[in-house]
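So the chains spell out like this:
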Amino acid sequence: MSSVAVSPAAAETLPSEQVDLRREFNEVGIGDVLDQLDRELIGLKPVKTRIREIASLLLIERIRKRMNLTSDVPTLHMSFTGNPGTGKTTVALRMANILHKLGFVRRGHVVSVTRDELVGQYIGHTAPKTKEILKKAMGGVLFIDEAYYLYRPDNERDYGQEAIEILLQVMESQREDLVVILAGYGDRMDKFFSSNPGFRSRIAHHIDFPDYADDELLAIAELMLRDMNYRFSAEARQAFIRYIELRKTQPLFSNARSIRNALDRMRLRQANRLVADLDRVLTADNIMSLEASDVLASRVFLTGSGG
Amino acid sequence: MRVTQGCFSFLPDLTDEQIAAQVQYCLGNGWAVNIEFTDDPHPRNTYWEMWGLPMFDLRDAAGVLMELNECRKVYGDRYIRMSAFDSSHGWESVRLSFIVNRPKDEPGFRLERHEAGGRNIRYTTKSYAADRPEGGRYGGK
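Protein chains in written order, with our numbering: chain A, 19 to 325; chain B, 5 to 145.
I should point out that these hints are in silico values taken from the structure, not numbers from a laboratory. Just so you know, these numbers come straight off a predicted model, no measurement behind them. A hint or two may mislead.
Claimed, not checked - Here are the simulated DSS-like cross-link-like pairs (lysine-lysine), alpha carbons at most 25 Å apart as the crow flies:
no. : chain 1 : residue 1 : chain 2 : residue 2
1   : B       : K77       : B       : K108
2   : A       : K147      : B       : K77
3   : B       : K108      : A       : K149
4   : A       : K119      : A       : K63
5   : B       : K108      : A       : K154
6   : A       : K119      : A       : K66
7   : A       : K83       : A       : K119
8   : A       : K63       : A       : K266
9   : A       : K66       : A       : K266
Next comes chain A alone, as it looks inside the complex (with noise of 0.2 Å):
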């Protein structure tokens, strides 16, 4: 913490090479958007850790900045990398929101995009259509997602050359117009950083995405469940908890993903349970909570148990 008092009247009289820390970080309030991370993602400590350190290094960049210690504009292009629904376009847009409010984007959007948004289908196409993304995202974030993509070595005259050239251009010279976050698996964009030596060291924050436990994968689940307004009764947690371990090592698991997938058709079963009964009068709690039935039915199960 700071050693220069806290109150407000020493505050108004500090000369200018003193900084109130905590009134600075109040004021940018990042603090909000720290704790809300903290609170809505589940498990993710690294990945907390890191954008906790990458605002403050923000937020004391800009107090240098203020006081003239420096005029560079710090490098913020970020790789995230790590396996599918493990939350890098959650964080990616939090990411916006904390440099939006540190001031280091100007309008603190994010505009996401894939290969097919930046990468023309013929000669002299690629270029224009790389700007037009490159435009849009001005003053915000450009989220590219599985950037490896991009990349095509067993194509030697593929555009995507073209896209990472003056995605790395732009990246150089506009620094302070936009913060480019690529994201993808883990093997793969490491391929892609060696194969393009530009990117590697263009980006200043490479954050690794790890996958969920299974207690984290349950508690996102129910974190899910509450924001739609459902519950799983005592039973059909329990068989969850079984469905988590069984799709865990099935193939194509991708994480929070995966989950938010189980649950859509949970609740379709749960409806369609409800629906086959239509005498019956039904209480706001048989509406809300989902069944072990609900959870058993499953075709995860029917693999898992049959070999």
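For chain A, the structure is supplied; the task is to place chain B on it using the hints.
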């Protein structure tokens, strides 16, 4: 002779910062911002060439400035103007237009008097620059 057309033309030339602020105002109002250029700045020449497409879904002026700088690289020796088009019902027209780039040397216009029947005089303004062929009017290639 300094050409004065559109908004702010009696002020000193806008700096890039001022241009960005005006563009941001246009974007904030939801107007589409266009970059246009010409080497025939006759006041009756309303149709200038467009640089790229109208920019109507941007959030920040930096994108427009990026295009403007591209345009300056190619047509830095011509007049470039920004215009902002309001597509909302009832307006559907240009709301703001201002010059953002002009040639170093502006030879200006001459007034031609055409003596018509009955001692009538008809006046025509002609740009000295437009005497030269297109592309070479302001010291271009």
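Evaluation of the provided hints:
1. Taking the CA atoms of K77 of chain B and K108 of chain B, the gap is near 14 Å; set against the 25 Å cutoff, the hint holds.
2. As the CA atoms of K147 of chain A and K77 of chain B are separated by approximately 20 Å, the hinted pair is consistent with the 25 Å bound.
3. Of the supplied pair hints, the one linking K108 of chain B and K149 of chain A is violated, its CA atoms being roughly 29 Å apart against a limit of 25 Å.
4. For the given pair, K119 of chain A sits about 22 Å from K63 of chain A by alpha-carbon distance, which is consistent with the 25 Å threshold.
5. Restraint check for K108 of chain B and K154 of chain A: not satisfied, since their Cα atoms lie roughly 32 Å apart, outside the 25 Å limit.
6. Taking the CA atoms of K119 of chain A and K66 of chain A, the gap is about 17 Å. The hint holds against a cut of 25 Å.
7. Of the pairs offered as hints, the one joining K83 of chain A and K119 of chain A holds, with about 15 Å between alpha carbons and a cut-off of 25 Å not exceeded.
8. Taking the CA atoms of K63 of chain A and K266 of chain A, the gap is about 20 Å. The hint holds against a cut of 25 Å.
9. For the proposed pair K66 of chain A and K266 of chain A, the alpha carbon gap of about 24 Å is at most 25 Å, so the pair holds.
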